[in-house]
Structure formats: structure tokens, C-alpha cells
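> Next come the chains, spelled out residue by residue.
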Amino acid sequence: MKRLRLAIAGLTACSGCQLSLLNCEAELPQLIEVVDFHYFPMACSPAVLEGEYDAALVEGCLSMPHENVLLLSLRKRSRLLIAIGTCAAWGGVAALRNGESRKELLQATHGSGRISSSGYSPQPLHAFVKVDAVISGCPPEKEELLRLLAGLLRGALPNPISYPVCTDCRMRENLCLLTEQSRLCLGALTLGGCGARCPSMGVGCEGCRGPVPEANLNEALDICQQKGYDRQTVIDRLRRFCPEWKS
Amino acid sequence: MSKPGKIDILTRVEGHGRVELVRKGRRIVDARLNLHESPRLFETLLIGRRFDEVAEIACRICSICSTVHKVAALRALEQALNVRISQQTDLLRQLAVQGGQIESHALHIFCLALPDYLGVGGFPALASVAPLELQQGLKIKALGNLIQETVGGRAIHPFNLLPGGLGSVPGVEQLQHLADQLSSILDNVSAMIGFVSTLDEGLPALPLLSACAVSGGPPLFGDRLATSTGVTVPATSAAVWLNERNEDHTHAKVSRFDGESVFMVGPLARLNLSKPTEYGKRLDATSITDSLKARTIELHQAVERAMSLISQLLNEGLRKETPTTITPSAGEGTALIEAPRGVLLHNYRFDELGICRAANIITPTAINQAAIEMSLKSLISVINDDGYESIKLSCERLIRCFDPCISCAVH
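Taken in order, these protein sequences are the chains called A and B.
Take this note's numbering: the last position of the first sequence gets the number 249, and nothing is skipped along the way.
Take this note's numbering: the last position of the second sequence gets the number 476, and nothing is skipped along the way.
By construction, these hints were calculated from the structure, which means they are not laboratory data.
Take these hints with a grain of salt, some might be off.
What the hints assert, rightly or not - Restricting the straight-line Cα-Cα distance to at most 27 angstroms, the calculated cross-link-like pairs of lysine-lysine (DSSO-like) are: (1) B:K71 - B:K442; (2) A:K132 - A:K78; (3) A:K4 - B:K68; (4) A:K4 - A:K144; (5) A:K132 - B:K71; (6) A:K78 - B:K68; (7) A:K78 - B:K71; (8) A:K132 - B:K68.
This structure is a prediction, so every number in the text was calculated from the model and none was measured.
Isolated chain A (complex conformation) (with noise of 0.2 angstroms):
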């Protein structure tokens, strides 16, 4: 089997992506066999972009220019750019107050101080780039990362989700947090494939995979204020990890 040249790199995150990759600990002896870690910053020196890439794996939001500078090497370079994340995908956790001027966001952390405000609205990575596929989540799933390393191996990427958590809490046999005991969980909404980690052990979904395709907003906000929660709570939470959510 070709060795898979890849190209692995951070922007604006927490870099829980790329170390969901490194927490694969079982798995990292075979990787290392098939894979090619040739740009990967945050494990391996030197940072060198060289040639081209079967994959680049990016991590994160946009939100200062040399990112943009790097990203579109990383895109030129690779036949295949891969968002890693939630951040990569939506914006995320950043993007939390886009819509309100930057300036004054940094103002109100650093004060009216020295610090460099070049930058600007955390954007996913397809506010700029073809996106060829999304792996979503904050932070992915481990199995998803592999998937997606075993797909590329062969030549190809993983079928997209298109299934909300409630699936994934179905297939559990769980109890339904919101209609059967009234507590906010944002599972209808959200993209699943996680296995529905956080309903199964009793805590109600915070939406990390972002929003899932063709979701009923308008239904699922009329059933969270059945149960107590106002359209604006729900929309909040919501645009935690994407601002795309509007009510």
C-alpha cells in the first residue's frame, strides 16, 4: 500500500483535534507503518511545507491573515482538504460572539492595550477553501479520525452523516432526556455519530457536531419550551459552537 502523505495543521483552536489523533495510542504504531506525518507542527519538527499531499487535515477557525496564507498553501498543495472539528466546520466555540465588532471584543479582554488586532470574525475553514469533507465534533471521535485515515489509504472519504444524536441515543435503548425528563438537550439538532457520548451518561447534548442536515428548528424549539426552555435559551446554546443558528 502507497504510504499516505499527509499534512496536519492548527489555526485559530485548542488543538483537540490533532490531539485526538494523538491520543489513538493504540493505534499509533500502525499509523506511523502507512502514514507520512510530514507537516505536522504540533508533534514532529521541522515545519516544512514540501511537494504535495494526498490529505491536509486542518484543525481550527480563521481568524488572523497569516492563517489564510497557510490554508491556501495547505489547499494548493493537497488533493484532498479534510476540516477537522466543530472550529474547522463551523467556527465554533470562537465564533461565539461573531456579529459583534472584534475591536471591542478585544477591548473588553485586553483592554484598549497594545495587542495586535489584525485580526478579525473566527470563519470556518469554507468561508475561504473547498472543503472536501468535515469531521465534525468538539472534539471528534477517535474511531471517526481512523475511519477517515483507513478511508483515505484506499482512496477514499467517509460517507457524510446525515443523522441527528437522537439516532445515535435510539441505538442505545437510552431514555429521552428532553421529552421524558424535562432536562435541555440539544440531541435533535445535532449532527450525530458520537455514539450519543453525553445523553448516555445523563448529561443533555451541548450541540458540539453542530447543526445536523434538514433539522426542524421550529419543532424542536416548540417541544424544549413545552419543557420550560425559551426559544432564545435553546438558540444560545445553540450558537455555542455555530453562529450559524438563527431562530
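Following the hints, put chain B in place on chain A, whose structure we already have.
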């Protein structure tokens, strides 16, 4: 195809920073650390959010340190809202934090730092030059993650740690499994202390700086700062004492302490202050470059501490509990805790509806910037006859001794 492009960033560290060498004529006279990571402005993102959202958002500051950020945020907000937690919750949180310590130290030692000592570029090459160490290191790292996952529900951004308690309390078998795994790797960790002590640092010895660490509680926890210079600072005045300011060359605030003093935080600072006797023989730290040894020793301590926490939990019997019900009220809280890289502070103020009105987060790598700067000066004064590239590599290597976590520093 495009020409090769060297990207000027620190490698084998978390986040984005670089070293800038300062020339005077043909000589390098100084080196500066520039953390050019994009600020996500967490303190401002949190304002206007309800108390039960604060820890969930704040833990996203950093993946490697997400468990300890979550616990710090929970402790601060519980203090502000007068929430009491059970002893069981407290012990389980301590266990999760020790899991984070194990994972973070193992990641640094076996994946990020070891390549420096063995003359290779990264973990993939370790598979050829130190396969056994890599394999055992990954096993230790995996166990740190398993602990965080068992208690927190997930190794990164643990959702099961909630205000007032836990979503689900782990079962006896799960904890017993962790205890068995921990006891089976203890010898490996000891062997690693031996292995690491044989490695050549490849840098000149550089003086240790005054140490600062959290004290007054169980390991890694406490309610005040203590320094090797004899200063004690209660949590409520720690932010003032840490004295953060904005500076031109970095996006992370820098702690400028009273007068001329500079403090280091992290493993060397903790060991320097606690001076654990059983390890005295194994670490007579005299140089900043002893940091890898210090981390290995702390790895051993964390494994032992995790075992003792589990045995206490099992002896006292696990109870099925639900989180304390919280009635919002106005108040302010400050938590101090030791993150893998050193002192971490979370401070929040809430209004009577439980809405966050002010937040202040001070992270170890931000505090360590002044210490890194001072150590870089010492290094440059010793090696300024070397060539530019060689000086730059040595500086990067020295910075890695502090295991910087730059998304924490800038947040």
C-alpha cells in the same frame, strides 16, 4: 510544484509561537518568545452566559488541559454561588485531574520532548530509535486518558463534570479496572525515570528560577500560592499579585511581578517547593534543563496518587448521587489549581440571576513567559558564538523544557 516553505513556528509544543533572535552587529544578543496564537477572547465570550455554561465553554481553552480547566472553572463558580459538593465528587474530580496530569506529562515526555534527546524529528522516528520507550509511553498516556474518560466521560472536554456533581458516577468495576491498570504500569514508570536520567540534555546548565506553586490542599489543589522566596498569597489576591499586563511582542498577557522577581511555575517549581523525600535521591534539580526528569518523577507521583484516590473511593463505597441543585445568586469565586504546566487561576463574578458578569483566567504558560525570557537570556549569553540556526534550535529546545501550552497562554 511550489517551492518548499519553512513555517517559522515552534514545533512539538501545543499552539502557535516562535522564537525571535535579536542581533547586534553580527552577534545574537537576545532571544524573545513571541506567542502569536490568535486570541479567542474567552474571558469576554463568557460574559452574559449562565453559570451552568461557564465551565463547558472555559474548558475549550485547551485540549491537553481541558480537565483541569473544567475543574478550576467549576470550583470557582461553586464558590461564587455557595454550592457544596460531596466528598465523593471532590475525590473523583481529583482523580480526573491526576488523569490529565498523567496524559499531559506522558505526551510531553514520550512524544514531544524525547525526540530532542535522541536526535530525531518526532514520534514517528521514535518507533525506530526507541520503540520500547515509545510503546510504554503510549501505554501510560492511554491510561491517563482512560482515567479522564472514566470520570469525565471523555478524554478531551469532559462533559460529565458538572456544577454540583457528576452526570453519572463511575461504577466499582470501572474504578477497579483503573486501579489494576495503574498498578501494572507503576514499574514501567519507575523504569522510565531511570531511562530519562541517562539522557543528555544537550543544553548548558541554566540556573533555576524562584518557584511558585499552589499550596494548602491535596496534591495539585489548594487555596493559596506559595513561593520559594517565602511569599504566601491567598487565592483572592493571587490575580493582583500575578499582575498580568499586555506587551507588544506576545498575544498572551505577561505576569510582571513586584520588583525584579521572576517566578517559574510547573513541575520543577512544584518539586522544588514540596521536596518529596522519596524522590530526593532521584532528582537533584539544579538546572532548568532538568525539566524532563522532573516530569517523569511527577508522572510517578500522579500514578501513585491516582491509585490512592481510587482506593479511598472504593473503601468508602461509591454512592449514586445527582448534582446539587443550584439556586443562582450574586457572588464571586476564585479557584487555584496546579495544571500540568503550573499555576492556573479561574475567577468569575455572577449577578443575582447567575449570569457571568466578569471572568479572569490566568494560565501557567502565560506566567512562565517571564521565566522563559530570562532563561533564554542566560542561554544566549553562553552560546552566542554558535551560528544562527544552531542558536535558534537551542532556544526552541529550551522553550520545550517549559512544555508551553500556547492556546492556554493566549486563550
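> Given the hinted pair K132 of chain A and K78 of chain A, is their Cα-Cα distance within 27 angstroms?
Judged against 27 angstroms, a Cα distance of about 11 angstroms means the pair holds.
> Compare the distance between the alpha carbons of K132 of chain A and K68 of chain B with 27 angstroms, and conclude whether the hinted pair is satisfied.
holds, 22 angstroms
> So if I understand the rule, the pair passes when the alpha-carbon distance is 27 angstroms or less; does K71 of chain B with K442 of chain B pass?
With Cα atoms ~25 angstroms apart, K71 of chain B and K442 of chain B stay inside 27 angstroms; holds.
> Keeping to a limit of 27 angstroms between CA atoms, is the pair of K4 of chain A and K144 of chain A held or broken?
holds, 23 angstroms
> Take a quick look at whether K78 of chain A and K68 of chain B sit within 27 angstroms of each other, Cα to Cα.
Measuring from Cα to Cα gives roughly 12 angstroms; hence the hint holds.
> Is it true that the CA of K78 of chain A sits at most 27 angstroms from the CA of K71 of chain B?
holds, 16 angstroms
> Decide if the proposed pair is consistent with the structure: K4 of chain A and K68 of chain B, CA atoms, cutoff 27 angstroms inclusive.
OK: K4 of chain A and K68 of chain B at ~24 angstroms, within 27 angstroms.
> Taking 27 angstroms as the top limit, are the C-alpha atoms of K132 of chain A and K71 of chain B close enough?
With a Cα-Cα distance of about 24 angstroms, the restraint between K132 of chain A and K71 of chain B holds, given a limit of 27 angstroms.
Hint check: no violations occur; every hint is consistent with the structure.
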